[in-house]
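Enquirer: Given next are the chains, with one letter for each unit.
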Amino acid sequence: MAESFHSVRLIASRCKGCVNCTKRCPTEAIRIRGGKAQIIESRCIDCGECIRRCSSHAKTAVTDSLWDLARYKINIALPAPTLYAQFAVEISIETILGGLLRLGFDEVFEVAKGAEILSLPIKEYLSSKDTKKPAISSACPAVVRLIQVKFPELIENLVPIDAPVEVAARVARAEYSKKHHLHADEVGVWFITPCPAKMTACKQPLGLEKSNITGAIAISQIYGDLLKVLSQVNAKADYNAASWIGIGWAIAGGETAEIEDVKKLVVHEINNVSNVLEQVSIGKLNDIDYIETLACAGGCIGGPLTVENRFVAETRMKQRMQKLKNEYQSAEDSLYRDYYHDVSEVNERRVIEPRPLMLLDENIFKAMDKVELIEITLKSLPGLDCGSCGSPNCKALAEDIVQGRASETDCLFKLRERVRDLAQEMIGLAEKLPPPLDKESAEE
Amino acid sequence: MSTGQEIILEYELKASNFEVAGEAASKTKRVLQQIGVPVDVIRRIAISAYEGEMNTIIHSLGGIMRVVIFPDRTDLIFEDQGPGIADINLAMQEGYSTAPDYVREMGFGAGMGLPNMVRCTDKFDIQSELGVGTKIRMTVFH
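First to last, the protein sequences are chains A and B. Residues in the first sequence are numbered from 1 upward in steps of one, following this note's numbering. Residues in the second sequence are numbered from 445 upward in steps of one, following this note's numbering.
Honestly, the hints are just simulated from the structure, not real lab data. Backbone N, C-alpha and C define an ideal beta-carbon position, used for all residues, glycine too. There could be a bad hint or two in this list.
[As the list claims (entries may be wrong)] Subject to a maximum C-alpha distance of 25 Å in a straight line, what follows is the list of computed DSS-like cross-link-like pairs (lysine-lysine):
no., chain 1, residue 1, chain 2, residue 2
1, A, Lys366, A, Lys379
2, A, Lys370, B, Lys458
3, A, Lys370, A, Lys123
4, A, Lys263, A, Lys129
5, A, Lys23, A, Lys263
6, A, Lys323, A, Lys284
7, B, Lys579, A, Lys370
8, A, Lys414, A, Lys379
9, A, Lys263, B, Lys567
10, A, Lys439, A, Lys414
11, A, Lys203, B, Lys579
12, B, Lys471, A, Lys395
13, A, Lys132, B, Lys579
14, A, Lys263, A, Lys179
15, A, Lys23, A, Lys379
16, A, Lys366, B, Lys458
17, A, Lys132, A, Lys366
18, A, Lys129, A, Lys264
19, B, Lys471, A, Lys133
20, A, Lys379, B, Lys567
21, A, Lys23, B, Lys471
22, A, Lys414, A, Lys36
[Said to hold, decoys possible] Here are some chain B residues pointing at chain A (derived, C-beta under 10 Å):
no., residue
23, Gly480
24, Ala490
25, Phe514
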């Protein structure tokens with residue numbers, strides 16, 4: 001796959017060129033050019049914040065569709081636990097999974113199961129002496145990318161263990177290709193995703209050489225079809241049900257709910273995450289062992305590709321967890337062990353590369369000159385951070401000017417100043433008379 | 445390497461001004477990222493800057509932090525207006541702290557500030573006079 005795959009895209013015809021998205025982007029990746037928003041790909045972390053903010057619905061996430069299933073002999077659906085929160089609790093998880101089968105999938109495997117499998121290796125990692133503290137959760141791909149671009153010094157704090165969906169995909173692909181006597185390539189593994197960040201992670205895996213996920217289908221895209229078939233579900237899905245522990249990963253705090261004896265911190269919403277990471281990077285919070293970080297407010301249930309209001313979704317999720325907790329039998333512990341060897345491979349995953357976006361120039365001398373120039377340019381700007389220039393704020397414009405991506409007169413106030421100066425000069429010129437007519441100066 | 449090129453950043457630090465603690469360190473970090481200083485070096489500078497900031501805010505009557513960034517090194521200079529340190533050797537010991545209880549309750553004042561600064565920097569120099577003030581000068585090579 002191309003190195004620059006991004007799920008978040010612009011539908012140019014809908015974009016009015018307003019500046020709302022530029023101002024909310026956590027990595028300042030959007031500029032308005034030619035009356036339309038433009039995403040700077042190297043900065044974009046696919047968090048989907050712009051999708052949420054755009055009132056014209058001009059931002060979208062590219063995901064796969066049910067049509068793509070035809071390309072494979074067998075298709076497995078990997079529903080994120082967030083999918084369950086889109087439906088009233090009276091509709092059982094089993095029914096929802098049965099609905100997925102009716103939509104054309106041959107098998108289902110819960111991502112919650114993948115999360116559950118991970119619980120043990122994460123605990124072991126946290127109790128190891130070599131662990132860099134505070135350890136930062138790597139389950140949310142938008143957070144991992146935020147660290148790559150904005151906090152490369154914290155890459156070593158990321159837990160070097162794959163995300164639940166990747167684990168689920170590996171186990172599901174192996175199990176079902178065996179069961180159906182097929183080559184692993186003949187099996188389609190489809191993630192039913194609440195966010196574009198995870199869509200991008202399938203196409204451009206973080207750390208892994210190649211993802212086991214074939215593609216991703218947005219919850220919002222499949223929701224309508226699923227709703228229609230739910231009443232027709234009669235055959236029970238044959239699957240290995242996840243417990244409350246795995247399901248809980250859909251909400252903030254779920255990942256660490258079962259981890260005890262460590263000092264933990266739960267942070268959600270991308271700008272909050274950014275603020276906390278800033279603190280970690282200057283040496284604060286060094287008494288914390290583990291930080292659960294989620295790009296969306298409320299956790300995955302707040303994902304931009306979900307349908308249900310996140311507060312409703314959270315309540316439903318908690319009810320479902322409670323129900324499963326009552327049924328929970330600890331005999332399942334043996335199941336973790338079954339998959340444990342598969343998961344332990346993840347320790348060998350590829351190192352996550354820094355993608356620093358702050359760097360002004362490869363040459364340190366030029367970069368230092370640019371720092372000074374930006375400072376001087378910034379002082380000449382009005383400091384209102386209005387965004388009318390198409391850059392998110394005055395500081396970003398100063399940087400864009402110095403980098404040759406914008407000009408000073410892109411600032412409305414600077415433009416007005418220039419027009420005023422010119423107008424004054426014109427008046428001055430207009431008042432000048434040729435010597436034969438200039439009687440006033442002759443009298444002096 | 446001496447090219448005469450340097451970036452100077454200066455921040456005023458007020459006594460007990462906890463709300464803005466860390467801002468100077470964060471801003472310094474951003475500039476170092478912009479010019480491409482290696483990440484592990486940035487981390488050491490940022491931690492030293494933050495520790496120095498906290499020390500000035502907690503213990504002094506107010507002072508300044510001056511950052512001088514050269515292509516090959518960064519100097520961090522803290523200067524305060526007193527009250528000065530009675531026994532520097534004691535102050536340099538890990539775990540020794542004169543921080544008042546309300547500061548410790550906030551999770552600061554563990555007596556690791558100065559030792560941390562020594563550990564993170566390549567050169568560390570401290571001078572203090574009671575009733576006059578303290579001056580700390582640190583250098584980290586890039």
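Enquirer: Now tell me, hint by hint, if it's right for this structure.
Expert: Here is what the structure says about each hint:
A threshold of 25 Å between alpha carbons decides the hint, and for Lys366 (chain A) with Lys379 (chain A) the separation of about 20 Å falls inside it, so the pair holds. Between the alpha carbons of Lys370 (chain A) and Lys458 (chain B) the distance comes to roughly 30 Å, so the proposed pair goes past 25 Å and is violated. This hinted pair does not check out: Lys370 (chain A) and Lys123 (chain A) have alpha carbons roughly 45 Å apart, beyond 25 Å. Between Lys263 (chain A) and Lys129 (chain A) the CA atoms are separated by roughly 15 Å; this keeps the pair inside 25 Å, and the hint holds.
Of the pairs offered as hints, the one joining Lys23 (chain A) and Lys263 (chain A) is violated, with about 34 Å between alpha carbons and a cut-off of 25 Å exceeded. For the hint linking Lys323 (chain A) to Lys284 (chain A), the alpha-carbon distance of about 39 Å lies beyond 25 Å, and the restraint is violated. As the CA atoms of Lys579 (chain B) and Lys370 (chain A) are separated by approximately 31 Å, the hinted pair breaks the 25 Å bound. Restraint check: the Cα-Cα separation between Lys414 (chain A) and Lys379 (chain A) comes to about 12 Å, which is no more than 25 Å; the hinted pair holds.
Annotation: proposed proximity of Lys263 (chain A) to Lys567 (chain B) is violated, straight-line Cα distance about 34 Å (limit 25 Å). For a cut-off of 25 Å, the pair hint linking Lys439 (chain A) to Lys414 (chain A) is broken: about 38 Å separates their Cα positions. Between the alpha carbons of Lys203 (chain A) and Lys579 (chain B) the distance comes to roughly 54 Å, so the proposed pair goes past 25 Å and is violated. Taken as a hint, the Lys471 (chain B) and Lys395 (chain A) pair is honoured in the structure, with Cα atoms around 13 Å apart against an allowance of 25 Å.
Distance check on the hinted pair: Lys132 (chain A) and Lys579 (chain B) sit about 32 Å apart at the alpha-carbon level, beyond 25 Å; violated. Between Lys263 (chain A) and Lys179 (chain A) the alpha-carbon distance is near 43 Å, which puts this suggested pair outside the 25 Å criterion. Between Lys23 (chain A) and Lys379 (chain A) the CA atoms are separated by roughly 20 Å; this keeps the pair inside 25 Å, and the hint holds. As the CA atoms of Lys366 (chain A) and Lys458 (chain B) are separated by approximately 34 Å, the hinted pair breaks the 25 Å bound.
Only pairs whose Cα atoms come within 25 Å are accepted, and Lys132 (chain A) paired with Lys366 (chain A) is rejected, the gap being roughly 34 Å. Annotation: proposed proximity of Lys129 (chain A) to Lys264 (chain A) holds, straight-line Cα distance about 17 Å (limit 25 Å). As the CA atoms of Lys471 (chain B) and Lys133 (chain A) are separated by approximately 23 Å, the hinted pair is consistent with the 25 Å bound. Our distance criterion of 25 Å between C-alpha atoms is broken by Lys379 (chain A) and Lys567 (chain B), whose separation comes to about 34 Å.
Between Lys23 (chain A) and Lys471 (chain B) the CA atoms are separated by roughly 20 Å; this keeps the pair inside 25 Å, and the hint holds. Taking the CA atoms of Lys414 (chain A) and Lys36 (chain A), the gap is about 22 Å. The hint holds against a cut of 25 Å. The criterion of a C-beta within 10 Å of any C-beta in chain A is met by Gly480 (chain B), whose closest approach is roughly 5 Å, and the hint holds. Because the smallest distance between the Cβ of Ala490 (chain B) and any Cβ of chain A comes to about 5 Å, under 10 Å, the interface hint for this residue holds.
Given hint, Phe514 (chain B) at the interface with chain A, holds; its Cβ is 9 Å from that chain's nearest Cβ, closer than 10 Å.
Violated hints, listed in ascending order, are 2, 3, 5, 6, 7, 9, 10, 11, 13, 14, 16, 17, 20; each of the other numbered hints is respected by the structure.
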